[in-house]
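There are 2 protein chains.
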Amino acid sequence: MTVPLSDPDTADRTGSAPAHATDADAAAALLAALRRDLPDGILGTGPEATGPYATDRSGSRPAGLPLAVVHATRTEHLRTALRHAHALRVPVVPRGAGTGLSGGASAGAGSVVLDLSGMNRILELSPEEQIAVVEPGVITADLDRAAGEFGLAYAPDPASAAISTIGGNIATNAGGLRCAKYGVTRDAVLGLDALLADGTPIRTGRRTVKGVTGYDLTGLLTGSEGTLGVITAATVRLRPVPEETVTVAAYFAGFAEGAEAVSALTAARIEPAMAELLDGPVLGAVDDAQGTDLRSRGGALLLVQCDGRGAAAEADAAVRRLRGRADSVEVTKDPAEAERLLAARRLALPSLERLGRPLIEDIAVPRNQLAAAVREIDAAADRHGVRIFTFAHAADGNLHPILVLDPGLPAVPDAAWRAAGDIFSAALRLGGTLTGEHGVGTLKRRWLGEELGPDQHALQRRLKAAFDPRGILNPGKAL
Amino acid sequence: MTVPLSDPDTADRTGSAPAHATDADAAAALLAALRRDLPDGILGTGPEATGPYATDRSGSRPAGLPLAVVHATRTEHLRTALRHAHALRVPVVPRGAGTGLSGGASAGAGSVVLDLSGMNRILELSPEEQIAVVEPGVITADLDRAAGEFGLAYAPDPASAAISTIGGNIATNAGGLRCAKYGVTRDAVLGLDALLADGTPIRTGRRTVKGVTGYDLTGLLTGSEGTLGVITAATVRLRPVPEETVTVAAYFAGFAEGAEAVSALTAARIEPAMAELLDGPVLGAVDDAQGTDLRSRGGALLLVQCDGRGAAAEADAAVRRLRGRADSVEVTKDPAEAERLLAARRLALPSLERLGRPLIEDIAVPRNQLAAAVREIDAAADRHGVRIFTFAHAADGNLHPILVLDPGLPAVPDAAWRAAGDIFSAALRLGGTLTGEHGVGTLKRRWLGEELGPDQHALQRRLKAAFDPRGILNPGKAL
Chain G
1 MTVPLSDPDT ADRTGSAPAH ATDADAAAAL LAALRRDLPD GILGTGPEAT
51 GPYATDRSGS RPAGLPLAVV HATRTEHLRT ALRHAHALRV PVVPRGAGTG
101 LSGGASAGAG SVVLDLSGMN RILELSPEEQ IAVVEPGVIT ADLDRAAGEF
151 GLAYAPDPAS AAISTIGGNI ATNAGGLRCA KYGVTRDAVL GLDALLADGT
201 PIRTGRRTVK GVTGYDLTGL LTGSEGTLGV ITAATVRLRP VPEETVTVAA
251 YFAGFAEGAE AVSALTAARI EPAMAELLDG PVLGAVDDAQ GTDLRSRGGA
301 LLLVQCDGRG AAAEADAAVR RLRGRADSVE VTKDPAEAER LLAARRLALP
351 SLERLGRPLI EDIAVPRNQL AAAVREIDAA ADRHGVRIFT FAHAADGNLH
401 PILVLDPGLP AVPDAAWRAA GDIFSAALRL GGTLTGEHGV GTLKRRWLGE
451 ELGPDQHALQ RRLKAAFDPR GILNPGKAL
Chain C
1 MTVPLSDPDT ADRTGSAPAH ATDADAAAAL LAALRRDLPD GILGTGPEAT
51 GPYATDRSGS RPAGLPLAVV HATRTEHLRT ALRHAHALRV PVVPRGAGTG
101 LSGGASAGAG SVVLDLSGMN RILELSPEEQ IAVVEPGVIT ADLDRAAGEF
151 GLAYAPDPAS AAISTIGGNI ATNAGGLRCA KYGVTRDAVL GLDALLADGT
201 PIRTGRRTVK GVTGYDLTGL LTGSEGTLGV ITAATVRLRP VPEETVTVAA
251 YFAGFAEGAE AVSALTAARI EPAMAELLDG PVLGAVDDAQ GTDLRSRGGA
301 LLLVQCDGRG AAAEADAAVR RLRGRADSVE VTKDPAEAER LLAARRLALP
351 SLERLGRPLI EDIAVPRNQL AAAVREIDAA ADRHGVRIFT FAHAADGNLH
401 PILVLDPGLP AVPDAAWRAA GDIFSAALRL GGTLTGEHGV GTLKRRWLGE
451 ELGPDQHALQ RRLKAAFDPR GILNPGKAL
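Listed in order, the protein sequences are those of chains G and C.
Take the first sequence: its letters are residues 1 to 479, numbered as in the UniProt record's numbering.
Take the second sequence: its letters are residues 1 to 479, numbered as in the UniProt record's numbering.
Bear in mind the hints are in silico, worked out from the structure with no lab data behind them.
Heads up, the beta-carbon is just placed ideally off N, CA and C, and yes, glycines get one too.
Be aware that one or more of the hints could be misleading.
To be verified - To list a few chain C residues with every Cβ distance to chain G over 10 Å, as calculated:
1. Leu123
2. Ala141
3. Gly183
4. Thr213
5. Arg320
6. Ser328
7. Arg462
Claimed, not checked - Label-pair ranges, simulated between beta-carbon atoms:
8. C:Gly118 x G:Gly254: 41 to 51 Å
9. G:Ala465 x C:Ala24: 33 to 43 Å
10. G:Ala458 x C:Asp334: 54 to 64 Å
11. C:Arg320 x G:Ala458: 35 to 45 Å
12. G:Ala264 x C:Arg74: 36 to 46 Å
Next comes chain G alone, as it looks inside the complex (with noise of 0.2 Å):
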């Protein structure tokens, strides 16, 4: 993960801020005054504090190096940050962990970081009501963890979900594994705690499970990524933990019959808590980096599990669908067992890693698409020569094409720049979007107009507008 990607839209990744952001004057009157007003150890200046936030785990790096890192432990330090910044104009980049995909966390010359990392409490963790209120750097598999202590769970899981916070999967909506049936963050956010760019605070949505009280502000903030509002908490709905969880792992002659039975599976009415599907190049990468013959077994691997008071008659009708048309199939409800059938997944990235640097593409399509999906995505391939791996969220039509690029070269290839162009082109034709989780960064924006259309492209504007007329707030990303 050390090359950095050149950034396409680096040009006018500014472009929404005014001319001050750039303006050393600007710049000096923000330094003196976070100087002055903020405690000792919150704000971080030079290169060896700001490098580190210029990219993200896109490996997009805009050009230049931020201002300044504001490394936020209250709600109040953001005030102070953002009453300046507003004041005088310049630039601020929010960020969680940096694990974010698409760039929306990189930040560039003239920027002022706001750190949220360290605001990592959880306030409050009701088992009565099933929520939680936690502050927005809480890494997300860290309230998973305090909520299974009482039987429940935060069901939105990002494959990052170890590493990742809270906050910055709800900048970006984040999905997961455990969407089709579970949601992805949106549905888990009840209300949020923000502040508006010049500092005010607003307290969005509720902590009901239901409430119709004026606009949905709280469905607005999650993913807009960090272009909206500053997120300084969040109220967040848990669930109970499935009572019981059964694995199955099936083996197909390739992408398109694995792709044919999730179909057969929704046809059948079966909802799957998990429905991983990938092909044979992941499979084989996977054996090269591990040692297993996966390949061997099939062109294509169907990871499915079924959960709840149902999870084992649900898993037998699955399997009455899969048997016929799978090479193999093998049902577990131990957990270990569950483990072993489910490494081939969690290693698929991590294997991939091995053979040279992955740009992660993250397309969706309607659930019946997926093998017509998978056909573009190997089209494209051929046609720009570039390597591409695919594996998929595939009860919910999310696929993640990746390509492996030469780690040698100092920037994203033109074929590859091609290829991923065609991939999106391909999931609008096919009726989907060309991001189904990690959002729009700044990676995806050259080709946001076309799924959006200019006068919605105009009105999301004028949106951003209401909420920034300044256009400090991560300016040049997700819009």
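Chain C: place on chain G using the hints.
Relative to chain G, chain C alone:
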């Protein structure tokens, strides 16, 4: 349902619309343009045509009658109406079946009603994708029935499902009886076709289960009560009909005991599809109207349904928690027997309507505050000398305190408004909201600022202006 309630907000109902709204010249010009540009039979004018549109099922009736009604059957009719209304700054009031309970669809002097009930085609129903695309005037139960032919269901089930429209459900983000397990209308809406104030069409959201491109305008339009755009089609998610449903009925000494039993179910991590709790006065009203003897069996009735492949096991677990707390518990898997048990809930509102004019409130509180909420409701009834009957969607903390008013009164008496105000204040004090699922409309606007706070309220007005700079869309509602 014939006595109009006087609308507390009539005075500023068109407050956010420009003065032209009542300008006779603009009205005349608009009528001329609509007569010229709409096909025969689409435009209705005159008191007989417009009278039925002055109020909805809240009975809230602003001063005067609307200028005209556009009986739209195609999007093109709406575009024409909006284009002219926008140019002439005349307010429009989008309307489905007019079954709203908060005055959101009531239309007063100088406004044009956009009647969407004639746009009632199911445009697509895809069992493979488990989605439907519908026009806004489709009756909610009709969609559910159509989906049922494929073993699928449209999950949101407001009590009005047999008479309300999908468009109206989306406008209010309608809830229902199954929300605690299956979510509210917003959770079922994937994408919308909408017209902006000037008639410009946009398409928000997607057909896919997941997607994070751009801000969530689908969620923002849902629940916006016709103040941000006019919905012309919706892409909604369907889900499998549960394999099995088990119904449990339990009588308790009083509402508090029933509420504690629901908390015990939640604590046992039981997720009922339905948990309806009726208080003693409601049971008595049903007895008086129907000749039953419910009240003799207890002071509160809890109706629980568990569904899915684990329904029987979950219902068993529920019954174990209810026995000992309840005076009696009955369980059945038989649909006819279930229908008999559920009759008390189904007949509650019709029975109350025999006693007078019901004013239905709609607070929601954290689910462990149900008993406290009912104590507050009873205290408000005593304090102001009004009769209040309460039933609750107990699993999600949503209570419907129903004030039964003398139908001979010309308007809602002050004592009733004061009792309602006390109930709203109590809901907020308990960490809840003043409307769980019915919307703000006109009737709850005076309490809105208390829940949102001034800064969020101001932000919501800026959002409204970003969508509707001339303030023509359902002015004086929701916000």
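Using Cβ atoms and 10 Å as the threshold, tell me whether Ser328 (chain C) really stays out of contact range of chain G. 25 Å, holds
Non-interface claim for Gly183 (chain C) versus chain G (Cβ beyond 10 Å): The assertion about Gly183 (chain C) is violated, with a minimum of 7 Å to chain G.
Take a look at whether the Cβ-Cβ distance between Ala465 (chain G) and Ala24 (chain C) falls inside 33 to 43 Å. 35 Å, holds
Hey, does Thr213 (chain C) actually stay past 10 Å from chain G on C-beta? Check fails; 5 Å does not lie beyond 10 Å.
Satisfaction of the hinted span 41 to 51 Å by the C-beta atoms belonging to Gly118 (chain C) and Gly254 (chain G): 49 Å, holds
Is the Cβ of Arg320 (chain C) farther than 10 Å from every Cβ of chain G? Holds, because the least Cβ-Cβ distance between Arg320 (chain C) and chain G comes to about 14 Å, which exceeds 10 Å.
Could one say that the CB atoms of Ala264 (chain G) and Arg74 (chain C) fall in the range 36 to 46 Å? Check passed, 38 Å falls within 36 to 46 Å.
Measuring from beta carbon to beta carbon, are Ala458 (chain G) and Asp334 (chain C) in 54 to 64 Å? 57 Å Cβ-Cβ, so the 54 to 64 Å window holds.
Does the no-contact call for Ala141 (chain C) survive, Cβ to all of chain G over 10 Å? Label holds. Min Cβ-Cβ 21 Å, cutoff 10 Å.
Check the following: the C-beta atoms of Arg320 (chain C) and Ala458 (chain G) are separated by a distance inside 35 to 45 Å. Check failed, 58 Å falls outside 35 to 45 Å.
Please settle this one: Arg462 (chain C) was flagged as non-interface, so is its CB more than 10 Å from every CB on chain G? 4 Å, violated
Find the nearest Cβ of chain G to the Cβ of Leu123 (chain C) and say whether that gap is larger than 10 Å. Consistent with the label, Leu123 (chain C) stays out of reach of chain G, its closest Cβ about 14 Å off (over 10 Å).
Hints 3, 4, 7 and 11 from the list above are not met by this structure, while the remaining hints are.
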